[in-house]
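With chain W fixed as given, assemble chain P onto it according to the hints.
First to last, the protein sequences are chains W and P.
All residue numbers in the first sequence are consecutive under this note's numbering, ending with 164.
All residue numbers in the second sequence are consecutive under this note's numbering, ending with 184.
Bear in mind the hints are in silico, worked out from the structure with no lab data behind them.
Computed from a predicted structure; not experimentally measured.
Do not take every clue at face value.
Stated by the list, open to error - Computed list of lysine to any residue pairs in SDA-like fashion (alpha-carbon distance at most 20 Å, straight line): (1) K149(W) x F33(P); (2) K83(P) x S44(W); (3) K35(W) x N48(W); (4) K31(P) x S125(W); (5) K78(P) x I34(W).
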Amino acid sequence: MRRTCNMDLQMFQNTILPIKDKLFRFALRIVGNPMEAEDVVQEVFIKVWKGRNNLSEIQNLEAWCMSVTRNLSIDKVRSKFRRETDLPEGADWTDPNISPHKSAELTDAVSRVKSLMAALPDTQRQVMELRDIEELSYQEIADALELSMEQVKVYLHRARKSIREQLIQSESYGIQ
Amino acid sequence: MPENQLENNLFNLNHMESNKITALLEKYFEGQTSLEEEKQLRDFFSKENVPENLLPYKGLFNYFEVEQEASLSKDFDEKILEEIQKSEMDTGIRRMNFTWFRVAAMLAIAIGGLFLVKNFNTKSQDNTIDWSKYEAQTPEEAYEETIKALALVSKKLNAGEKETRKGMEKIRKINKEVIQ
Chain W
-11 MRRTCNMDLQ
-1 MFQNTILPIK
9 DKLFRFALRI
19 VGNPMEAEDV
29 VQEVFIKVWK
39 GRNNLSEIQN
49 LEAWCMSVTR
59 NLSIDKVRSK
69 FRRETDLPEG
79 ADWTDPNISP
89 HKSAELTDAV
99 SRVKSLMAAL
109 PDTQRQVMEL
119 RDIEELSYQE
129 IADALELSME
139 QVKVYLHRAR
149 KSIREQLIQS
159 ESYGIQ
Chain P
5 MPENQLENNL
15 FNLNHMESNK
25 ITALLEKYFE
35 GQTSLEEEKQ
45 LRDFFSKENV
55 PENLLPYKGL
65 FNYFEVEQEA
75 SLSKDFDEKI
85 LEEIQKSEMD
95 TGIRRMNFTW
105 FRVAAMLAIA
115 IGGLFLVKNF
125 NTKSQDNTID
135 WSKYEAQTPE
145 EAYEETIKAL
155 ALVSKKLNAG
165 EKETRKGMEK
175 IRKINKEVIQ
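Looking at chain W on its own, in the form it has when it is part of the complex:
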């Protein structure tokens, strides 16, 4: 009994822990706060650990983790929204996901892309982020966002096209 526990922990450390930052970023883009995003990832991992005996039923563990992360993050945003509807906007909403050293790296062009991305419709943005930042396969994105492969391709194409048009537009206006 003890031995299988150790083996599971080993497996957990080798296969689940390495995707922590991916899950963290995914959660971060939904909840918008690093502390809460970390809580979400922790919850996901505890969930994986507790259900480790049933994990063989899941085909793609990473996509499954992404999907759980997404649902928990959405729950978090909803409950936070409920809690804070009467309160003025919290200070942690201003720009919590950028640490000081990171914001220094953000050039104008990068900030411009950041705002263009933020303006995309939610699903388009999520698909593009999962592909271009998290490097997920189409199938993994489909599993994580509960979409069909076809939908993933359509959303990705639309998102990239829309970003491109705006980039070219701003270039021709001399804004960069």
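Frame of chain W; chain P shown alone:
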């Protein structure tokens, strides 16, 4: 001149790369690139000297790289492993309690079973009637019991005789009437 040729080669190489990237970009915006090709694009745009015609896209691919850097706090692994051990201990305690519960349940069943068996045996003894206490102990008692029994028989016989006499009486009456 060899130096010029080197420059030329470099120019050609850059030109070729830039062409290749332009083609990749088209493919990218069509949503047709592989993950590997997308990495090539990010790598290309992370360089300092990007050709001017490709500059509008530099921000996009740099943005992806910046976003890829966001990561969890360093002590996260430690925290999560601690949480896991805690939950493991909880399950351990629960498992142990369950074992004790099972032992206790088994004991209860065993004791209960024994008690039942014992109880059943005593009850079945109670159920068999001890006729010996109804048996006569002395000859006098035996005599009395016999008299009682004979009296009972006599009483029943007398009752029968009475009924017979009544019947005979009726027959006699009928006979008289018939003769007259």
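Verification of the hints:
Among the hinted pairs, K149(W) with F33(P) is consistent with the structure: their alpha-carbon atoms are about 6 Å apart, no more than 20 Å. For the proposed pair K83(P) and S44(W), the alpha carbon gap of about 26 Å is over 20 Å, so the pair is violated. For the hint linking K35(W) to N48(W), the alpha-carbon distance of about 16 Å falls within 20 Å, and the restraint holds. For a cut-off of 20 Å, the pair hint linking K31(P) to S125(W) stands: about 16 Å separates their Cα positions.
For the hint linking K78(P) to I34(W), the alpha-carbon distance of about 18 Å falls within 20 Å, and the restraint holds.
Comparing the model with each numbered hint stated earlier shows that hint 2 is the single one that does not hold.
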